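Engineer: The lines below spell out each chain.
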Amino acid sequence: MSEYIEHDKNGLSVGIVEKKFFTFARPPKEMTLENGSALGPVTLTYETYGELNPDRSNAVLIMHALSGDSHAAGCYSKDDAKPGWWEIMVGPGKGIDTDKYFIVCSNILGSCMGSTGPGSINPKTGKAFGLDFPVVTIGDMVTAQKALIDHLGIERVLSVVGGSIGGLQVLEWCLRYPEVVVSAIPLATTPKHSALTIAFNEVARQAIMADPNWNKGDYYNGAKPDLGLAVARMIGHITYLSDESMRHKFGRRLQDRSDFSFNFDADFQVESYLRYQGSKFVERFDANSFLYITKAADYFDLTRQYDSGSLVKAFSRAMAKFLVVSFTSDWLYPTYQSKAMVKAMKKNDLDVSFCEIEADWGHDAFLLPNERLTALMKGFLERVYNETAR
Amino acid sequence: MKPRDSEIRFDLQIIASWIEPGSKVLGLGCGEGDLLHFLKKNRRVTCTGIERNEDKVAKCIERGLTVLQGDINEEVLDYPDDAFDYVILSQTLQQIYEPGELVRSMLRIGKRGVVSFPNFSHWSVRLQLLTTGRAPITKQLPYDWHDTPNIRVIALKDFRRFSRETGFSILREVAINTDHHEKSGNIIKVFANLRATYGVFLIGNNKG
Chain D
1 MSEYIEHDKN
11 GLSVGIVEKK
21 FFTFARPPKE
31 MTLENGSALG
41 PVTLTYETYG
51 ELNPDRSNAV
61 LIMHALSGDS
71 HAAGCYSKDD
81 AKPGWWEIMV
91 GPGKGIDTDK
101 YFIVCSNILG
111 SCMGSTGPGS
121 INPKTGKAFG
131 LDFPVVTIGD
141 MVTAQKALID
151 HLGIERVLSV
161 VGGSIGGLQV
171 LEWCLRYPEV
181 VVSAIPLATT
191 PKHSALTIAF
201 NEVARQAIMA
211 DPNWNKGDYY
221 NGAKPDLGLA
231 VARMIGHITY
241 LSDESMRHKF
251 GRRLQDRSDF
261 SFNFDADFQV
271 ESYLRYQGSK
281 FVERFDANSF
291 LYITKAADYF
301 DLTRQYDSGS
311 LVKAFSRAMA
321 KFLVVSFTSD
331 WLYPTYQSKA
341 MVKAMKKNDL
351 DVSFCEIEAD
361 WGHDAFLLPN
371 ERLTALMKGF
381 LERVYNETAR
Chain F
1 MKPRDSEIRF
11 DLQIIASWIE
21 PGSKVLGLGC
31 GEGDLLHFLK
41 KNRRVTCTGI
51 ERNEDKVAKC
61 IERGLTVLQG
71 DINEEVLDYP
81 DDAFDYVILS
91 QTLQQIYEPG
101 ELVRSMLRIG
111 KRGVVSFPNF
121 SHWSVRLQLL
131 TTGRAPITKQ
141 LPYDWHDTPN
151 IRVIALKDFR
161 RFSRETGFSI
171 LREVAINTDH
181 HEKSGNIIKV
191 FANLRATYGV
201 FLIGNNKG
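First to last, the protein sequences are chains D and F. Counted the way the numbering used here counts, the first sequence spans residues 1 to 390. Counted the way the numbering used here counts, the second sequence spans residues 1 to 208.
Hints in this document: simulated from the structure, not taken from any laboratory. Source: prediction; values computed, not measured. Please note that a few of the clues may not be correct.
What the hints assert, rightly or not - What follows is a list of derived Cβ distance ranges for each label pair: (1) SER184/F / HIS151/D: 55 to 65 Å; (2) GLN95/F / PRO92/D: 50 to 60 Å; (3) ILE198/D / ASN205/F: 22 to 32 Å; (4) GLU179/D / ARG104/F: 56 to 66 Å; (5) ARG52/F / ASP150/D: 56 to 66 Å; (6) GLU179/D / GLY22/F: 39 to 49 Å; (7) ASN10/D / PRO149/F: 36 to 46 Å; (8) PRO92/D / ASP55/F: 49 to 59 Å; (9) GLY222/D / ARG52/F: 38 to 48 Å; (10) GLY167/F / GLY36/D: 28 to 38 Å.
Each residue gets a CB set at the ideal place from its N, CA and C atoms; glycine is no exception.
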């Protein structure tokens, strides 16, 4: 996902929010990961907005994508210029209404935004994990989120919501903890990574690993693999857009010049944009986390998981009510992938709604202001809330 | 016999009166979900809709309905046998390329089907063709020949013959006279094929 941190156009916000930490799986009760290894202690950074109601039935979990964090909405202080990454969707009266729901957003396991990841200190060595950090899966991320939810005293979750890699976690939640999830909103996502998606991720990872500063993941005391990570981000940004959106946004327009430079400067606006996005990203993101999270996403395959072999069998475990949304110009997780899971849900007699939103902005459409998406989510959440309250 | 639920169109009122409370319904080409919303609210019906148009799908979901965006001819194929008590095809049969296939699918995934369509043998249609010599345009079929979604013209009599040829039964049949937007209308019993603007049919598989 890109960064489209925007203020709400009506100025509505959940206000001042606070970053919190939850540490669990302290040795000897470490968390057992899908690859068989043990990890602990594990810390998740998280934020909550709104109030948990007395019967604890209004909790909504927000899952972030590759480069996101726990800061989905609000600001940390009065002087904080940047609100959370989904400020346009999360707040009073918005698609995910903080006046009605208790919202939890945590940073995923393996990330670098406060939760335990490859950049955290390995208690056994006193140094950063680097590649000693175990390869985690989407399932491991969800298991960690479940520990947080248990800690918060939430037994049933009204809805699990997320786009892109956040959507993978949404689907995982529905199959891993079916009795916990009342409803789910997987946005711009897929039941398994396609060869195209894996290919893009692999090129991005290779860019990081080809940077001499990467040093097999051991760079926390020296120069970081910024060039590699920047190129990885540039590749990502191409996949988040679309042919159409790039034509609109850049075309062949030149950047700050009227003719070609006849050297290898960023002549075109699209080149300049990608370079800028790449250089901005390295200031806030850890290259190893990029490797771990993209690998987790590539491994994700609901048909392989749960020994099912078929998507229909995989969804036979699910009990949630679904709202599946795709976007017409998304070529990273195209509509046919959403339709495949909708089909499997139908065959299992699940309550599923599906809408393909016409949007030119590619995969990133789910993060951009979109009245249609807001209205869909609002209506769906209201309905499941009313049906649950009955 | 006359339904009183006047918040929806008269033809939909007839359909609603046939649906058993608490049953499970699939609405094909459900539009903005007026019928499904009514059934859910007043008949405790569990319903799903299928609609092709994104704006209409969004409207349905916003008002709290379960609706899938897609082509009804394809979407019906995914459901297991007898997944629904009723499968409703309201005012859409005249737009279907392979009506026989669709009706068979409806009766595979549903125990009963409901089909309604504008009656092409209404006297006003006959009169227009006779007097003007041009393709008729009526309140029920308001499009010019070159921009109409309606690719089929069906008379009440034709549908009865279609049931015999396709091999399904008509369990119940009501012919009505109403304006498309009117919330009221009359049930036509005499010379229905000539006088009714719409036909509403409850269908099922042939016994045995």
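Engineer: Look at each hint and say if it fits the structure.
Structural biologist: Checked hints:
One distance hint, 55 to 65 Å for the beta-carbon pair SER184/F and HIS151/D, holds here, with the actual separation near 59 Å. The hinted range of 50 to 60 Å is not satisfied by GLN95/F and PRO92/D, whose Cβ atoms lie roughly 43 Å apart. Range check, ILE198/D to ASN205/F: Cβ separation about 47 Å, and the 22 to 32 Å hint is violated. Against the hinted window of 56 to 66 Å, the Cβ-Cβ separation of GLU179/D and ARG104/F comes to about 38 Å, which falls outside the hint.
Separated by about 43 Å at the C-beta atoms, ARG52/F and ASP150/D break the suggested range of 56 to 66 Å. For the pair GLU179/D and GLY22/F, the supplied restraint of 39 to 49 Å is violated, since their beta-carbon distance comes to about 25 Å. Look at ASN10/D against PRO149/F: about 39 Å separates their beta carbons, and that is inside 36 to 46 Å. For PRO92/D and ASP55/F, the Cβ-Cβ distance of about 27 Å falls outside the hinted range of 49 to 59 Å, so the restraint is violated.
Between GLY222/D and ARG52/F the Cβ separation comes to about 58 Å, which falls outside the hinted range of 38 to 48 Å. The hinted window of 28 to 38 Å between GLY167/F and GLY36/D is violated, with their beta carbons roughly 58 Å apart.
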